[in-house]
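Q: Whenever a hint applies, use it, and build me the whole structure from the sequences.
Residue numbers (the numbering used here), protein chains in the order written: chain A, 4 to 178; chain B, 2 to 532.
No wet-lab data here; the hints were simulated from the structure.
Just so you know, not all the hints are guaranteed correct.
Non-contacting residues of chain B with respect to chain A, defined by C-beta distances greater than 10 Å in every case (computed) [claimed, not checked]:
hint, residue
1, Ala-60
2, Thr-163
3, Tyr-248
4, Pro-293
5, His-337
6, Arg-374
7, Ala-393
According to the in silico footprint, chain A covers these stretches of chain B (three or more CB under 8 Å from chain A) [unchecked claim]:
hint, stretch
8, 99-112
9, 164-177
Source: prediction; values computed, not measured.
In this text, a Cβ means the ideal position worked out from N, Cα and C, and glycines have one as well.
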Amino acid sequence: MSTAPIHAANPEELREVRFDAAMESQIAELLTHYPIPRAALLPVLWLCQKRYGWIAPGVMEAVAARLGLSPAYVQGVVTFYTMFHTTPPARFVLQVCTTLSCAVCGAGELLAHLRKRLGIGPGERTPDGTFQIVGVQCLGACGSAPVVQVNDDYYENLDPAKLDALLDELAAAKE
Amino acid sequence: MPKLTIDGREVEVAQGTNLIEAARLAGIAIPYFCYHPYLSVVGQCRICLVEIEGQPRLAIACATPAADGMVVRSQTSSRVREAREAVMEFLLANHPLDCPVCDQAGECLLQDHSMDEQGGQFSTHMVETRRTFPGLERRLLGPHVVQNQNRCIHCSRCIRFTQEISETSQLTYVSRGNHAYIDTFDGRPFDDPFSACAADVCPVGALTLREFRFRKRAWKLRSTPSICPGCSIGCNLWIDHHERIVYRFTPRENPKINATWLCDYGRFLAESLNAHGPAPTFRDEDGSSSSPPLEETVRALALELKAARTLRVVASANLSNEELFLAREIFAGYLHGELVTPVWPGEPRRMKNGHGVWLASSDAHPNANGARRLGLDIVDESGLARFLYGAADLTVLLDPLAHPYLAGEEALQLLRVGHTLVFSQRQHAVCEFARWTMGVASLACNEGTFTSGADQVQRFQAAFAPPRGALPLWQWFTLLARELGLARLAVATPRDVFQLMVSQERSFAGLAWEELGGFDTDSYREHQHVG
Ligand code: SF4
Ligand code: FES
Ligand code: FES
Chain A
4 MSTAPIHAAN PEELREVRFD AAMESQIAEL LTHYPIPRAA LLPVLWLCQK
54 RYGWIAPGVM EAVAARLGLS PAYVQGVVTF YTMFHTTPPA RFVLQVCTTL
104 SCAVCGAGEL LAHLRKRLGI GPGERTPDGT FQIVGVQCLG ACGSAPVVQV
154 NDDYYENLDP AKLDALLDEL AAAKE
Chain B
2 MPKLTIDGRE VEVAQGTNLI EAARLAGIAI PYFCYHPYLS VVGQCRICLV
52 EIEGQPRLAI ACATPAADGM VVRSQTSSRV REAREAVMEF LLANHPLDCP
102 VCDQAGECLL QDHSMDEQGG QFSTHMVETR RTFPGLERRL LGPHVVQNQN
152 RCIHCSRCIR FTQEISETSQ LTYVSRGNHA YIDTFDGRPF DDPFSACAAD
202 VCPVGALTLR EFRFRKRAWK LRSTPSICPG CSIGCNLWID HHERIVYRFT
252 PRENPKINAT WLCDYGRFLA ESLNAHGPAP TFRDEDGSSS SPPLEETVRA
302 LALELKAART LRVVASANLS NEELFLAREI FAGYLHGELV TPVWPGEPRR
352 MKNGHGVWLA SSDAHPNANG ARRLGLDIVD ESGLARFLYG AADLTVLLDP
402 LAHPYLAGEE ALQLLRVGHT LVFSQRQHAV CEFARWTMGV ASLACNEGTF
452 TSGADQVQRF QAAFAPPRGA LPLWQWFTLL ARELGLARLA VATPRDVFQL
502 MVSQERSFAG LAWEELGGFD TDSYREHQHV G
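A: Right under this line is the structure:
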C-alpha cells in the first residue's frame, strides 16, 4: 500500500473557513480530552491539515475563534512547527532527514539523487506539483537511517535504487 | 516574611517576592531583560543568574522566590559575572550593535547591561556573519510602532504585554529559534489601543515609536511628573522635555491606577502641550485688535468684570482643583457671576491597574471630580446650551475646550451676543471674535492637583516656565484677584491656593500637598522607563 497524496485546498476556498458538521463533531470530541481548549490546539491543527492539506490564514482564524484564542497566537504555534504547511503543499512532501545518523548513512546521496531525478532541492517543488522536498531534523528513526518521510509515512533504509522505485510508485499513484 | 542576604546586605521582603525585587529593595540592581514587574515571569534571557549558597547551579533571580535564610550572591560572585558575560556575548552575537543610529540608545537595557556586565569590553567568538531579517529593519507594525527585527533579543515582553495586559494578543513570534520574528496575524496592523506600551516594554530598539523616534536623544530629556489630561482615570506619567519642548509622555508607575502603562490616546496628547495659547489680544468694537502689556491687560479685565451687570462664566473640568477653586471664589463668590462647569463623557477609555483590574473613564476630563468636590454646578451639553441662551452682557470662557459644544455653530452664535473674554491654551474659533483673548500656558507649565475618577487627589508639577505672554490659568486668576483687591486670593503659588482649600473646603480638609505626588516614593524611578 503506498502513501496517499495530499489534496491541498486552493487558497480561494480557505479565505473564510466554516467548519462543517463532521469537522465540528471531531473538534468537539478532541476537546473532551483536554482540561482547556487551548491545550487542544495541536490536535485541532492536525485535523485541519488532514482536511484541507495545509493551514491557510483563514483556517488559523477559524481555529482561533473555535478555541477562544487570538489568530496571532495560533499563527505563532503553526509557524513554530515545520510540519505544518502554511502554503499549499505538493501532492507528496518528501521530508529528507539530514541529521547525523542519516547524514552518515547517505542522506546526502539521496538528496543528490533527488536533485538529479526531479531537478529540485530542499525547499523546492516540481513544477507539476507532484513532489516537494524539505530537509528536516532527526525523525527519530536513526536505527534505519537514512530515512525519508513522505506525507505521513516513513520510508527507511533507503538508497538511490529504492528511492527510484518509491518515486515511480508515487508518481503512478496519481489521484 | 523571609529574611535573606544579597551580596552581604540583609533584607526582609514579603512572601513571594522574587530575588530581583528583593535585591532592588536592598539597593542592588540585578540585570534583567525578559522580566518585567507587571508581566508574567518566563525566564528566557538568563541575564539575571545569581549564585545561591547551597545550590550547585546558578539560578535565575526572576523566577526564584526569596526564602528565609537564603544567601544570594550577584555582583560578588565571579561565577555569576562569568555567566552573565557569556549571556551578553550570546545576546550580542546577532545584534547589529548599531547604537549610534539606534533611537533606543541611552535607554536600552542591552546597552546598559553590556556596559555593566561586560565592563564595556566587547568580545565575540562569532566568525559567521550576523543573522538579519531583510525587510523587517524599518517596518511600521501599526499606527505608532516601528519595528527593527534585527535588534530584537527575543524576550517576548511585547507579546506578553498584548496577551496579559491589553488582552488583544495581537503580537506573536512567527517561526522559531534563531529565525523567530515579531509579527501580527497575517500582516494586519498592530492597532492595539495600548500599542505604544509594546515599545515601552521592549528593552531594546526593536520596537520604537513613530512619533518620537529621532526627535530627541533620550539622555537630553528631563522628566517631570504629571497626570494624563485625557480622561478621568488619572494615569500617572512623565512629561519628557528638553529646552521647553515636550517630546513625549512616558508612563509613571502607579500600581493603583496605570501600573506602567498609558493608552495610545492619552500618550499622544503630549504634542498638544506645546501650544501655550494664542497671543493675548484685545479686540475693539470696530474690529481693530491690539496686544497690550500684561499689567494693562489685567487692569482692563478687572474693570470689565466689575462693570458687567450680568456675568456668566463657563469653567472647565480640564482645570486643576486650585484653578477651579480660584474661579469659584473670584467669579461666583466675589463678582456674583453665574458659573457652570460642563462635563461630557467623551469616548470611553480604560486602563488596567497593577492588580489586573480594568478601570473605566467616566468623563473626558482629568478633573470632573474636582469640580464635583468643590460643589460647582455641573452641566451637560443641553445644560450648557441653556446657560448660553440666557442673557448676559459678559461671558467668560475659562477654557474653550471645556466642551465640544463650544466649537459648534450654535454656541458661537450665542457667544457673539454681548462681550466674551476667553482664556485659551489653543487657538479656537471663539478667539476670532472674543473681546479679550488671554493665552494660557499648557499643562507642561502648570502645577497643581487633579481629582481622579476614583477620587484620588493627585499632584502634577511644572516642567518648565511658560513662554512670554502665556501664563498658567491659576496665575491669571491670582493677578486678577490682586487687581480686584482680593488679597486673600492673591497668593504666589498653587501650593498656597491648595492650603487655602485645605483650610476652607471640607472635601479637601486633611490633605497634605507633599503627600499627593506619588513621585517621591517611587521605587522604579532610577530606572525611569522600566525597561
Ligand atoms: S521586539 Fe522587543 S519586546 Fe518584543 S521580543 Fe523583541 S526585544 Fe523583546
Ligand atoms: S538522524 Fe535521521 S532519523 Fe535520526
Ligand atoms: S530576567 Fe530572568 S531570565 Fe530573563
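Q: A separate judgement is required for each hint: does it hold in the structure or not?
A: Okay, the hints, checked on the actual structure:
The non-interface label for Ala-60 of chain B is consistent with chain A: the shortest C-beta to C-beta separation is roughly 27 Å, beyond 10 Å. Thr-163 of chain B, annotated as away from the interface, has a beta carbon of chain A within 10 Å; the closest lies near 8 Å. Once the 10 Å rule is applied to beta carbons, Tyr-248 of chain B is consistent with being away from chain A; the minimum gap is 31 Å. A cut-off of 10 Å between C-beta atoms confirms that Pro-293 of chain B is not in contact with chain A; the least separation is 60 Å.
Look at His-337 of chain B: its CB is around 59 Å from the nearest CB on chain A, clear of 10 Å, so calling it non-interface holds up. A cut-off of 10 Å between C-beta atoms confirms that Arg-374 of chain B is not in contact with chain A; the least separation is 42 Å. For Ala-393 of chain B, the shortest C-beta to C-beta distance to chain A comes to about 55 Å, beyond the 10 Å cut-off, and the non-interface label holds. Closer than 8 Å: that is the beta-carbon criterion, and the stretch 99-112 of chain B has 0 residues meeting it against chain A, so the requirement of 3 is violated.
Residue count for the stretch 164-177 of chain B with a Cβ under 8 Å from a Cβ of chain A: 10. That meets the three needed, and the coverage hint holds.
The structure does not agree with the numbered hints 2 and 8 stated previously, though it agrees with the rest.
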